[in-house]
Structure formats: C-alpha cells, structure tokens
Amino acid sequence: MDRLLNLSTILGGALLLLVLVSVRRAHIRVEYSVSWLTAAVVLLLLSRSHGLLEWLAAWMGVTYPPLALLMVVSSVFLMVFFRFSVIISQLKDANIALAQRVAILEFHLRSLHEEAAQQET
Amino acid sequence: MTKAVGPGQLLILIPAFNEEGAIGGVVRELRQAVPGVPLVVVDDCSADGTVNLARQAGARVLALPHHLGLGGCVQAGYKLAFELGYEYVIRVDGDGQHDPRDVPRIFEVLRNSGCEMVIGSRFVDGSHPHTSFARSLGTRFFRAILRPILGRAVHDPTSGFVGVNRAALEVFSRSFPLEYPEIEALVVLQRRAFRFEEVPCRMRPRTAGRSSITALKSLYYIIHVLLGVFVNVLKYEGRRRRLLRRRTEPAKAQPWTVC
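Just so you know, the sequences run in chain order U and R. Residue numbers for the first sequence follow the numbering used here, beginning at 208 and rising by one. Residue numbers for the second sequence follow the numbering used here, beginning at 14 and rising by one.
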C-alpha cells in the first residue's frame with residue numbers, strides 16, 4: 208500500500224510541477240490550469256495524509272484505502288475532462304461563427320471591389 | 014450582391030467541398046434552369062480547384078477560411094442570404110446529384126404553399142430510386158423515428174435538396190445543426206410549429222468524385238442524428254415548459270391580482 212501511495216505522491220508532484228511550468232511558459236492559460244492544479248493537490252493530499260485517506264475510505268465504505276484514493280482521483284479527473292469538453296464545445300461554436308463571419312465579410316469586400324472596378328471601367 | 018435585395022427574391026446556395034469535377038457543370042445547368050437567379054457556391058475550404066471553377070462558371074463564391082463540415086457550410090450561406098434580405102433560398106448540392114430542372118418546382122411550392130420548408134424528395138410519389146440496401150434501411154429507420162415527432166410522414170428525411178423561406182432562414186441563420194443537418198433541421202422547424210412540404214424530385218448519380226460514406230461512418234451518422242433529434246426534442250420541450258411556467262407564475266406570485 209505504501210508503495211502505491213508513494214507512486215501517487217510522485218504522480219501528483221509531477222502533475223503539479225508540469226502544470227506550474229506550463230503556466231509559467233504560457234503553454235496553458237491560468238484559468239485552465241486551475242482544474243489540473245486542483246486534481247494534483249487532491250492527489251498529493253490524499254496520498255500523503257493516511258488519516259484523511261482512511262477516514263475517507265471508511266466514509267465511502269471501502270475496506271482498502273487506496274481504492275478510495277483511486278475513486279476520488281478518477282472522479283476529479285472525470286470532472287476535469289468534462290469541463291474541458293464544455294470549453295472545447297464553446298470554442299468550436301465561437302470558431303465556426305468567426306469563420307462564417309470572416310467568409311461573409313470577404314464576400315462583401317470582394318463584391319465591393321468588383322463593383323468599384325466595374326464603375327471605373 | 015452586397016446590397017439588400019427586394020421581397021420575393023430567390024437565392025440558390027450550393028455547398029461544395031472538393032467538387033472540382035462537378036461544380037462547373039452544376040453551376041452551368043442551374044444558370045440554364047433558372048436564368049437570372051443569383052447562385053452562391055459555399056466552398057468549405059476545398060483543396061482543389063472548386064472555387065476557381067465555380068467562379069469561371071458564373072457563380073459567386075462564399076469561401077470559408079477552414080473546413081466546417083456540411084452544417085457550418087450551409088449555415089454560412091443561410092447567414093449571408095438572410096443578411097442580404099433574400100426571401101427564399103434553395104440549397105442544391107455541389108456534387109451534381111440534384112437535377113436543377115426541379116428547382117422551379119420547389120420554388121413554386123415554396124412561394125405558393127406558405128410552407129417554411131420544401132423538400133425535394135426521391136420517394137414522395139411512391140417511386141423507389143436505386144439506392145444501396147444500407148441507405149434504404151437508414152431512410153426507413155429515420156422515417157419511422159420522425160413520424161411521431163413530426164406528427165406526419167416524411168418520405169425523404171435525408172434529402173439535401175431543400176428550399177426555405179425567410180422565416181426558416183432567420184431560424185437557421187441563428188441555429189443550425191452542424192453535422193448531418195437535414196434530419197435535425199426538420200425537428201428544429203417542427204418544434205417552432207413551422208410546416209414543410211415534399212415535392213417529387215429526380216436524383217442522379219454523382220457526376221464526379223466519390224461518396225465519403227462508409228459502414229463505420231453510417232453507424233456514426235445514425236448515432237449522431239438520433240442524439241441530435243433527442244436533444245432537440247428535449248431542448249424545445251424544456252423551453253416550452255419554462256414558457257408555460259413563466260406564464261403561470263406571475264398569477265401565483267401576485268395574490269392581489271383581481272380577475
């Protein structure tokens with residue numbers, strides 16, 4: 208069990224570090240890093256605090272505490288993925304609307320150029 | 014084309030993606046079938062010569078900066094038509110499968126019936142044009158699904174040969190299904206109590222290129238469309254309930270109201 212918890216700590220630490228470095232290098236925007244930072248902190252907290260993990264396992268009715276850790280972390284990651292699906296959907300909608308607007312504006316611009324050219328001739 | 018047009022005006026939209034083999038012929042045939050009617054090819058960022066060939070054939074081109082898929086492509090055309098003030102829009106596919114000689118018939122029904130949408134149908138007159146077994150099965154399946162939702166039979170729910178009036182154009186320019194739009198669009202219109210009519214039309218084999226439909230894509234299509242229909246039904250039912258609640262709530266909230 209200890210080895211599993213140590214591994215979780217390493218994973219949590221690595222995730223935390225990766226997110227912080229990515230934010231610093233502007234690879235991720237701050238508002239989108241919050242979900243990942245929360246997930247990393249939950250992973251670290253539960254893998255380092257045996258008392259908290261055992262209390263959580265008892266509360267969940269799980270006899271093997273690492274299973275509780277796995278369930279909590281899976282739930283947190285699922286929520287993060289869902290949040291990003293929502294964000295991606297919003298971005299796609301905005302992107303489509305923008306592409307359509309650009310095309311329509313280009314269409315008007317081309318029409319104006321053609322009309323101007325016709326008037327000149 | 015940038016100026017607003019008068020009432021009763023028709024625009025023909027031709028969504029196209031990599032249709033260089035067919036687009037020139039489609040535009041020329043349309044110009045013969047409906048002379049004087051403006052044609053706009055909505056190019057979904059083709060990698061071939063579709064844009065140039067469409068322009069050479071005499072169409073205006075609304076060129077999307079990147080690939081949006083059929084729904085996004087058609088909606089861009091609807092937005093343009095609505096902004097320019099067109100009263101009617103008929104969509105003709107760029108692959109040459111729709112016969113341009115059917116356009117005047119669709120336009121006539123669209124103008125005289127008062128329906129918001131007119132569908133060029135392969136099956137409405139009881140004919141059974143040659144289609145693959147899988148496609149025919151899919152069409153029957155969606156007919157059965159749509160009948161209780163629409164409250165009436167629709168013979169060719171997957172037809173892309175569609176005419177809409179300005180009321181439908183306004184709805185579609187704001188909200189239009191992005192992938193596989195035909196079936197969902199019917200549900201969207203029905204939920205707004207709009208009417209549609211089917212007109213018998215000829216369907217021809219593709220004049221160029223190959224259909225991108227595979228068995229796996231067909232399965233994805235069925236799941237996607239079913240989900241889209243289900244979501245639209247739920248969305249509009251929810252909106253209807255909210256409206257009803259809003260109408261009834263003030264009476265409850267104001268006990269001093271005297272009837």
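What the hints contain is simulated information worked out from the structure, not anything from laboratory work. Misleading hints may appear alongside valid ones.
Unchecked claim - Each computed SDA-like pair below joins lysine to any residue, with the alpha-carbon atoms no more than 20 Å apart:
| # | chain 1 | residue 1 | chain 2 | residue 2 |
| --- | --- | --- | --- | --- |
| 1 | U | 299 | R | 76 |
| 2 | U | 299 | R | 58 |
| 3 | U | 299 | R | 191 |
| 4 | U | 299 | R | 171 |
| 5 | U | 299 | R | 83 |
Computed from a predicted structure; not experimentally measured.
Verification of the supplied hints:
no. : hint               : in the structure
1   : 299(U) with 76(R)  : holds (19 Å)
2   : 299(U) with 58(R)  : holds (17 Å)
3   : 299(U) with 191(R) : holds (11 Å)
4   : 299(U) with 171(R) : violated (25 Å)
5   : 299(U) with 83(R)  : holds (15 Å)
Figure legend: structure checked against the earlier numbered hints; the only hint not met is number 4.
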